[in-house]
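A.B. asks: The lines below spell out each chain.
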Amino acid sequence: MSPDPGSFTAVETAALVAEVRLLRDAGWRLVQIGAAALPTAMEVIYSFDLGGKITNRRVSLPVEGPHRLPSITSVYAAAALYENELHDLFRIQVEGNILDFKGKFYRTTVPFPFASRPSAPALAAKAGTNP
Amino acid sequence: MNPLLRFAIYLILAPLIGGLLAGIDRKLSARLQARQGPPLWQPFYDVRKLWNKENIVVRRSQDFYVFFFLILMVFTGGLFFAGSDLLLVVFALTLAAIFLVLGAYKASSPYSFIGAERELLQMMAYEPMILVTAVGMYLATGSFYVNDIAAHSGVLALRLPGVLLGFLFCLLIKFRKSPFDLSSSHHAHQELVRGILTEFSGSTLAMIEVAHWFENVLLLGWVYLFFAASPAAGIAAALGAFLLVIVVDNACARLTWPTMLKGAWATTLVLGFGNILFLTYF
Amino acid sequence: MPAFAKSPWVIHYDASSCNGCDIETLACLTPLYDAERLGVVNTGNPKHADIFLVTGAVNAQSGDVIRNIYHQLPEPKVVVAVGACAASGGIFRECYNIHGGVDTVVPVDVYVGGCAARPEAIIDGIVRAVQILEVKHKATQAAARGIDKLVYEPALAGDIPEILALQKVTYRSEAEIYGDDSLPAMQQTLAEIEADLAQWTFLKASINGKIVGSIRGRIEGATGYIRRCIVHPYFRGRGIARRLITEMERSFPPQVVRFETLTGHKSRRNLAMCEKLGYRVFKTEEYLPTVQWVHLQKERK
Amino acid sequence: MLVLEIAMGLYIVVLGIRHRRPLVVLLLLVQLLPMVGWELRHGEGLQAHGDLLADRLSALMALINGVVGGSICLYALGYMREYHTAHHPEVRDRRPLFFSLLFFFLAAMFGIVFSNNLLWLYFFWEVTTLCSFVLIAYKQDEESIGNAFRALTYNLIGGAAFAGAIIWVHRATGSIGLTDLIHAAPALVIGPALLLSLAGITKSAQLPFSRWLLGAMVAPTPVSALLHSSTMVKAGVYLVLRMAPILHGTAGGIVVALVGASSFALASLAAVGTSDAKKVLAYSTVANLGLIILCGGIGTHEAVWAGVLLILFHAVAKCLLFLCVGVVEHRLHSRDIERMSGLVLSMPRLSIMLQIGIAGMFLAPFGMLIGKWAVLKAVIDTYPIIALPIIFGSAPTLFFWMKWMGKLLEVTHPIPNIEHEIGRGEWFALTLLSCTTALTCIAFPLVSAWLVEPYVIGVYGRSGHLAHGNFVIMTIMLAMVALFPLSFFNYGRRVKVLDPYLGGANVESGARYQGAVGQVHALQMSNYTLAGLVPEAGVFRVGIGVGLALLAALAACLLLLR
Amino acid sequence: MARTIIPFGPQHPVLPEPIHLDLAIEDEKVVDVLPSVGFIHRGLERLVERKDFQEFVYVAERICGICSFIHGQTYCQGIEELMQVEVPARAQYLRTIWGELSRLHSHLLWLGLLADSFGFESLFMHSWRVRERILDQIEATTGGRVIFGSCKIGGVRRDISPEALAVMRKELDVIERDMREIVDVFLGDSSVKRRLQGVGVLSRDDAYILGCVGPTARASGVAQDMRSLGYAAFRDIKVEPIVRTEGDSYARCVVRCAELFQSVDIIRQAIDRIPPGAIETKVTGFPDGEILVRTEQPRGEVAYYLRANGSRNLQRFRVRTPTFANLPALVRMLPGANLADVPVLVLTIDPCISCTER
Amino acid sequence: MSYLGITALNLKWALKGPATRGYPLAPRRVIADSRGALAFAKANCIYCSVCRKKCPTGAIGVNRNQKKWAIDRLRCISCGYCVEVCPKDCLSLTTYMSPPTVTKDREVF
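Those protein sequence lines, which keep their order, are chains C, B, X, Y, A and Z. Count along the first sequence starting at 1, add 55, and that's the number in our numbering. Count along the second sequence starting at 1, add 114, and that's the number in our numbering. Count along the third sequence starting at 1, add 1, and that's the number in our numbering. Count along the fourth sequence starting at 1, add 30, and that's the number in our numbering. Count along the fifth sequence starting at 1, add 68, and that's the number in our numbering. Count along the sixth sequence starting at 1, add 17, and that's the number in our numbering.
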């Protein structure tokens, strides 16, 4: 069992970069950036690690797009890949990404596959199996 | 023996011996790697299969260069075994190798292009040593003719130990063996795919394979020349050189071209020329 | 003795696999399984390979790569789908980015099951593939020998992908003549050529089921338009094109009294052939900056 | 004669003063004043036994001048028209001057090869220097003028040496005839011979003087072809070869040989580092002239035989290459070798000619290689250690020629044929030279027997030659290479044409691939320059250092002789 | 200077998996590089919406065929955490043994591929020969060679009998001896050193700020190992991160070689201390809440973000795999490298593209 | 300068003989408990379809009316989930491998 459940703190979009910069200056390492399209909000979660401790920052964007987010690549250059991912999978426009693949990162068949909850029949149609 | 007759014997035996050597190479390499390895005749199976495959090219004329590579390689070996001038053999060998490079350039794919470039670097690396070998043999025997050198009464290796070592170094490059399998490796796990051979397929690839057999026999013949005074020792030395190449192949990482170039030239300078200076002034 | 049995060279591509089958494929070459005993060499280069081992399910991107590699394998060639994903999409078949097994992009000859496929199973698959190689090789040889067994018949919708592939190979030589590799015929997509099927009738020349030439025609009033006569480079100079044109002319109904065709101004061989068949130049027009169309016509005798 | 000399001198002085080049003025005065004083003092006493020298070597040189010079002039007609109209409209059209200088120069070249009187020779020598100066500066921009002055300066050093040699030889033998010099007791004339060799070394742009030749490449291509590869620079090696019997076996001779040998090795190595076609040709010229100088320095009959052959082969093939590059430069607006990709499609005939030229420069069984082979043998028989620079020099030669050849053959995309844009005069010259290049290889034994061997026998009583068996083998090889075009009868049969292997990322037709960020890229390939290992400038600097050291050794020899 | 651009991949013999690099080289020096991914993107994260949370273990295991077991384990740990399930100690130990076995096979696989990337074929063969011994142990205990299928929510599917554990412990000695032979070559051979030392140096600060994880970070002096968080049996078995400070390819090789023996040691300790008892806890109900769970894979830290709302399907499942975190370092290392070193550099981060793209 | 380590290892193995197992010429070495092809015992089956529902890849098909049980061998990942859930224990994992096929047929029992 993981002894480290971590904490989730909400952050305003506008304050994100400053907050992240504070974390970096304090020596935190960027672990991941991930999003979740929930019925209530589009959440983006930034996780940081310092000596095995974890802390998370949650940015909630309104359900209805377009979603915009400032890039934190000026603080953590390595965030570029995550931010491309946010764009390609969640249709979150990340502004100021230093290595912008311009939507050609994953080149998925379905555009922005995570952007909305799928309708169940669409997936069921793909599955259909019976003898 | 009549030079033409020897040429004919070479023409018939070289592909057999060369192919067999390639088979021994694969078998032995496999054993050194704790594998069972393919049958001894595997190179012949490969060539036969390639001959039956479709030939895919990028530029139609690229195959002609390979054809000329083959016939010039046969010709070069023929020159050598017919007892001709060693320098001429070197030049013919270069000419043959150049045709392969041109073919790769012609194919115009990035991989074969870099392969060609590296092949040129390889040629640049071994060429001086091969010339020095010819010169050393001349200085030791007074003749550039393979015939005369073979008929020389002394064991050349004793007078040309440095040259012999330098020549063995070049063998590693010429046999396309690790650590110097830069332009094209025997196994494709390298950064250039198959390098210079990338765009050749089917019968053309088979031709290249056969040309290498001829080339290898020629090179081992040259090793023999160092011990020609005693034929048994000569054959043993040629085989020994071949085994050495295989063992080294399996004991080395591939090095980079600057290392190869510097290494080969340093060897030529120190071993080759050192030997020649010794021969001239002492 | 069979030519292919003892020297199957493989190329391996990881489509969208989880790596499991990948590393097992690689394990086949290592000391304990040592597929090189059977002559297997992992070439890493499609142009040297006989057997194409694909692991993993296919997505849009890897599908293109598989298709590219497949076309660069010289004939005869065999595709082996290694593992459950390559065979059917496996556990990932419901993912949004997965199109299914390898057979959705290229024809698969042998399926090897398992998740991950075991080295022994992969070796079995290779052994099976070698037999198929041998069969295919015999068929090709028979085709080459049986050039007199050429069949000329209308092409069906199912032949269209093969005709498109042939078209692209064929127009390479035209691109070289005109110094322009953006010729429309080379850029045509499958969808476009399938749309053509509505207006044009296609004829094909095939040997033992392999299409080596094709032509298309359309009727407008009393004129029959003949276009895109293509012959595989290997089979050129054997009268196939001439025969295709004549067959096309014959297939037009009697009310068609005039045939029209066209070719580029620098395609000397085409022009010579058309003139031999009785066609005469009646106009030229600018088509592309690099190509001028030469229109030729002929009355029905 | 004296008047002309003074007039020429004054012209240079004026030029030097106007462009503020004190060194030029100084160098000129250093040679002009003693010469004038000396000539005035001796006046009628300056005699040679026969003013003309017409032996096989002169004949060969004259033949080269005639054929090569003639075809270049023909070529220049069309080339210069285009030069002014299409490519350099900013340059003032001074074609009459250009052509008169060209002819003036050719006349002087004939003068050099047929003069026995050293004073005449000196006069013509200076005329070529002056022609070269004016032609290099033809463009009249700052770079050209600077390079022209550099050429002038370096050549004036040679001129000074020449002047010194004349005075010395007169004091030593009482004659100023070239033949008198050659036939005098070697011990007596080794000093002037070395001075003349020094003059030859500057004229042939050997290290450390090579820089002027590289700078001279700013001149229009016919000038590079005529003056700076096939004829004028040959005057230098001509003189050294004439001195060969005297130099043979002397310490001074060894130094001269070393100058040539190091020039060969280092210039070859430097050529690897550049992709400017004319610069490559210039380096290669320095290198090959180095080989000939080496032959002169060694001075055995074998060496001289090889040297004369090299003059012939080099003149023809190099001239062909220059002219081809000129044409290509006008078509592609660049003389970068990397830009010549696909030339085999856009200018097929020209690319074949280029290939002939290149093959002629370094490949068995073509001319230059036979020469090199002979040099190697000659060297091994005398000073095996000098084989070192030859052996190490040939390897880079192979590299830079081959990568050029490869670039010509490489085709990534279909390119339209633009060969029809090339003028008739150019074609004629190119065809003539290609045929000559091929012919000299085929007829090489005849050339050797008629022109070279008699000369060498005349000097030494025996000559080097190629063994009969080897000659037969070379002919077989030549025949095999000549068979190459025959293979096109089978062109495109039994093969399938496909795009190159691009890691499975091929897209569209032709050689394009799907790169990162969804972009489609075309192929792009460039030859190696080995910049990390042998940087061009670095090698050149080393070369100049070596050259200066050898020059010091030469000076030491001269001082010891006094 | 003029450039050559090489389309490196997606199909390329030195690349075990498809990734594409536009390599711009001058002579053979890489001057510019742009990666392109997406060849293996399957979109399996969305499968949580279709598979129930228990069945999803099978999918999680197939995120990657090399570190398969630890993926399954991480997923199970996360769900167990959400559902407050106490996993029996024996199961924790078994998970640790299998996890370390998979680290062994992954590292040996990597050593072989690394040897292959610089053309050392015999070393490749010997590494894989030894690896097969480990696979035999895995197959004997789990029934699978690369995909174990032995982890489930609440515990494990199979037990290892005491006899089998004894056999394994004995076998470990042989494996350790064989590995020692190979590692000696890797760390001592001159030609290997020539190809690895000083190649692709990554400073500690770079490694940290680029977010490197696992051996890549540890070779640059970042002492970071998730096993010291104390999940599974690591509560009892202490793990000291193996750290080097040079930050070059050789250091990364040294770290992984040392970890081989560390893992053997961990397995030995686990076998010695494994308690008897049940191997699974019955799980009822559905998970709810969110969690970020991390474990140490052979390639480094893997982070799972799980979000559930009390239904049988998770709301969001997100994997950040070690290779994803190490890719920026690769892009940083490549420019300036020799073309011949590109495969070596690609391999020194031990890429697992299939995890990365999911 | 150490090149001898690997040479010693190489030579050791060259003398010792290859480690190759010899499949397919030699029989396959089977490890007990290895997860191979799924075996179906028709006798006990009640066609309850639990296995079909649980199968992660949808490889199993069950038709209660016709009393047919089918498996797509190329889809089966030998995970054993069906074996665990089968109420009648009529499914089991064998150590055999299903052979390669040229067609994608289902195996129907």
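Do not take every clue at face value.
Unchecked claim - Using 27 Å as the maximum straight-line C-alpha spacing, the simulated BS3-like pairs for lysine-lysine come out as follows: (1) Y:K526 - X:K137; (2) A:K350 - Z:K121; (3) B:K376 - A:K238; (4) B:K141 - Z:K33; (5) Z:K33 - A:K238; (6) Z:K71 - A:K220; (7) B:K376 - A:K261; (8) A:K261 - Z:K29; (9) A:K220 - Z:K29; (10) Z:K84 - Z:K59; (11) X:K211 - Z:K121; (12) Y:K526 - X:K7; (13) X:K139 - Z:K33; (14) X:K150 - Y:K526; (15) X:K137 - Z:K105; (16) A:K238 - Z:K29; (17) B:K141 - Z:K70; (18) Z:K84 - A:K220; (19) X:K169 - Y:K309; (20) A:K261 - C:K108; (21) X:K137 - X:K169; (22) Z:K70 - Z:K121; (23) Y:K526 - X:K267; (24) Y:K309 - X:K211; (25) A:K350 - Z:K105; (26) B:K376 - Y:K309; (27) A:K97 - Y:K309.
Keep in mind the hints are simulated off the structure, nothing from the lab.
A.B. asks: Look at each hint and say if it fits the structure.
C.D. replies: Hints, verified against the model:
no.: 1; hint: Y:K526 - X:K137; verdict: holds (18 Å)
no.: 2; hint: A:K350 - Z:K121; verdict: violated (38 Å)
no.: 3; hint: B:K376 - A:K238; verdict: violated (49 Å)
no.: 4; hint: B:K141 - Z:K33; verdict: holds (15 Å)
no.: 5; hint: Z:K33 - A:K238; verdict: holds (22 Å)
no.: 6; hint: Z:K71 - A:K220; verdict: holds (15 Å)
no.: 7; hint: B:K376 - A:K261; verdict: holds (18 Å)
no.: 8; hint: A:K261 - Z:K29; verdict: holds (23 Å)
no.: 9; hint: A:K220 - Z:K29; verdict: violated (43 Å)
no.: 10; hint: Z:K84 - Z:K59; verdict: holds (9 Å)
no.: 11; hint: X:K211 - Z:K121; verdict: holds (24 Å)
no.: 12; hint: Y:K526 - X:K7; verdict: holds (25 Å)
no.: 13; hint: X:K139 - Z:K33; verdict: violated (42 Å)
no.: 14; hint: X:K150 - Y:K526; verdict: holds (22 Å)
no.: 15; hint: X:K137 - Z:K105; verdict: violated (47 Å)
no.: 16; hint: A:K238 - Z:K29; verdict: holds (23 Å)
no.: 17; hint: B:K141 - Z:K70; verdict: violated (52 Å)
no.: 18; hint: Z:K84 - A:K220; verdict: violated (32 Å)
no.: 19; hint: X:K169 - Y:K309; verdict: violated (42 Å)
no.: 20; hint: A:K261 - C:K108; verdict: violated (37 Å)
no.: 21; hint: X:K137 - X:K169; verdict: holds (23 Å)
no.: 22; hint: Z:K70 - Z:K121; verdict: holds (22 Å)
no.: 23; hint: Y:K526 - X:K267; verdict: holds (22 Å)
no.: 24; hint: Y:K309 - X:K211; verdict: violated (55 Å)
no.: 25; hint: A:K350 - Z:K105; verdict: holds (21 Å)
no.: 26; hint: B:K376 - Y:K309; verdict: holds (26 Å)
no.: 27; hint: A:K97 - Y:K309; verdict: holds (24 Å)
Hint violations for this structure: numbers 2, 3, 9, 13, 15, 17, 18, 19, 20, 24, all remaining hints satisfied.
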